[in-house]
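2 protein chains.
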Amino acid sequence: MNIGVLGAGQLGRMLALAGYPLGNRFTFLDTTGKPSAGIGEVIIDPDNQHLAEFLANVDVVTYEFEHLPVTLVREIEKHKPVYPGSRAIEVCQNRVEEKALFDRLNIPTPAYRVVQSAEQLEAAARELGCPVVAKSVTEGYDGKSQTVLKAPEQAREAWASINHTQLIVEAFVDFVREVSMIAVRGRDGEVKFYPMAENQHVDGILRYSIAPLPDLAAAVQQTADNYIRALLDELDYVGVLALELFQTRDGKLLANEMAPRVHNSGHWTMNGAVTSQFENHLRAVQGLPLGETQAIAPTCMVNVIGREPQSAEVLQLENAHLHRYDKSERAGRKLAHINLVAKNHAELLKKVQTCAALLPDAPAPVFHFVP
Amino acid sequence: MNIGVLGAGQLGRMLALAGYPLGNRFTFLDTTGKPSAGIGEVIIDPDNQHLAEFLANVDVVTYEFEHLPVTLVREIEKHKPVYPGSRAIEVCQNRVEEKALFDRLNIPTPAYRVVQSAEQLEAAARELGCPVVAKSVTEGYDGKSQTVLKAPEQAREAWASINHTQLIVEAFVDFVREVSMIAVRGRDGEVKFYPMAENQHVDGILRYSIAPLPDLAAAVQQTADNYIRALLDELDYVGVLALELFQTRDGKLLANEMAPRVHNSGHWTMNGAVTSQFENHLRAVQGLPLGETQAIAPTCMVNVIGREPQSAEVLQLENAHLHRYDKSERAGRKLAHINLVAKNHAELLKKVQTCAALLPDAPAPVFHFVP
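Note that the protein sequences, when read in sequence, are chains D and W. Heads up: the first sequence begins at 1 in our numbering, then just goes up one per residue. Heads up: the second sequence begins at 1 in our numbering, then just goes up one per residue.
It should be emphasised that the hints constitute simulated quantities derived from the structure, not laboratory data. You may find that some hints are simply not true.
Identical copies look the same in the list; a pair holds intra-copy or inter-copy alike.
As the list claims (entries may be wrong) - Under the rule of at most 35 Å between Cα atoms (straight-line distance), these lysine-lysine pairs were calculated in the DSBU-like manner:
| hint | residue 1 | residue 2 |
| --- | --- | --- |
| 1 | Lys-334 | Lys-80 |
| 2 | Lys-80 | Lys-327 |
| 3 | Lys-334 | Lys-150 |
| 4 | Lys-78 | Lys-350 |
| 5 | Lys-34 | Lys-252 |
Computed from a predicted structure; not experimentally measured.
From just these sequences and the hints, can you work out the full model?
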């Protein structure tokens, strides 16, 4: 089966690496003119001239990036199956629709307001109580279209800096940690859940994900499973869905946002789970049975951002798995990740510290749980 | 680093899949005109016209097939590092040199004779006692150039059927099982050993490999480690080496043959060991630290020969990992393998039975150990 992938970055690359063993071939449609997947056939198509060629090549279409024109995805759906479908893209690329869906499914979120002017932003900030986070409704990706207001008086400046016609303003949550759920749903509706990961972001960029969590009550995992299952079923979703949440001091979960694709906070599954998120996404989109999602051992994903470490130093670490994306160095760019696997969480934390010291400019890893 | 691979079959394909995450790129030189690797750049060169182009592309050269002209490998060595070196190829593609090396390093082998005529073959068969195995000295691969003599009188027929100028005749060994050692040696001389696997061949083709072995005395593994280390050190070897052995009733090991490359009986390491043989081979040839070789869990590699099963049926098995080679079906052809991982050997054997039933024409799995 030839899998068409919209987008040709590292997520597409890792999909291909997981799919070749299943006998798949890959054709990427890159609209940016800067593909980095490095394997498979890449059709570079910044002006939408090669869609027919792409469609002729592929049996089923998926994507590694959800900020695509919905019209394009709908057009593709007329010719080939697209998983996850355009409805998932539509919801996930629009924070207002996303929040409305969370509300409708009784998935708690931080308190929020939708605003359409600097004045409304200032009023919302006052009402919710600062600090608040203001986010553009569309095109947000990895924290590049959001800002924190420490006081309502910053509204005008924030409004100008984000420069969108509509913003979502969210109350700041006094969370103890950021977590995420990765789940996968097959064409037949079967759902499998990965154990929840704890994530550490710095400046809006994911730096560390660790799973499974030694201090996670089974009931909390169950609640997260229920939330993401509700989303998957409601969207008649096929493939991997990621849901980022905040966990509060009393253990409660608040949904932050979701991504209709394989997700950076699920990269630990490549070495830490029985079946990786990439393989499970591909199994789902081509109607194959889903693979088991349980963890093999405590695992930490360490992102390599902006500058690469010496491979030889990283590979000297025991049970360390390097995943480079074959990209050139640039500040803030995701270049690679390292999966560290250990017998127990105490050993894992030590290993993460050692690894972080090998990475140029890596922030100190800080996790909520105590091993 | 761009890795040049001589040969473009499934072993090259799996090297590439292991090397992309290390940031490698791959250029294959295919002299057969029928490459099947399916990924990376393939230079099809049946007439040796494109060697300069290949060499210009690559930083280091390795191979997935040792029956290469030694003159070609020596020529390449003048321009780029080749790992393992031409001396390893020379020894491994010639059974007389291989046996001589085993003898020199005090690695026991079945009793053998070198013969150069049908008459000498008959005499050797009489002397060693039938049955004996007659093998061509060169170009042997997967049992295609060997035959069993049940009586000395079959010498003339056997000589004609193998049709080589020189044969090795080996006494039949009353072995209880076939086993193999996979080890890797770095550029700096560091050596790591995988746990020994038990292999089941049918008609000269590997069908099942299982590792680690629950009934293997530590002393036997240690002996095998010593044997393969002696070979690696003697050849100043860099990369993965495979050594096939017979284990006799009293636990003794007799070397059968070796292969200077990643090996089918090491495919279980892709899902059953901390670092796969493919990644370790690539780490070695580019001078990176070697990864750990210990097993994660009992694992069985099941070869898919000639005809493919339904992927959906295979993937329904718990902790089953499918590795297809994207080749068309043909009798006797290696098309894929399935790695089955289990909590213990009893569960593993059940799973192997279930899996074998899904494969067209698969022989019944029979292992020596009792779980």
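Going down the list of hints, with the structure as the test:
For a Cα distance limit of 35 Å, the shortest separation of Lys-334 from Lys-80 qualifies both inside one copy, at 31 Å, and across copies, at 32 Å. Both within a single protomer and between protomers do Lys-80 and Lys-327 lie at most 35 Å apart by alpha-carbon distance, with minima of 31 Å and 25 Å respectively. Taking the shortest Cα distances, Lys-334 and Lys-150 sit within 35 Å of each other inside one copy (29 Å), while across copies they are farther apart (64 Å). In this assembly of identical chains, the alpha carbons of Lys-78 and Lys-350 never lie at most 35 Å apart, being 52 Å within a copy and 45 Å across copies at closest.
In this homomeric assembly, Lys-34 and Lys-252 never come within 35 Å of each other (Cα to Cα): the closest approach is 41 Å inside a single copy and 59 Å across copies.
Checked against the numbered hints above, the structure violates hints 4 and 5; every other hint is satisfied.
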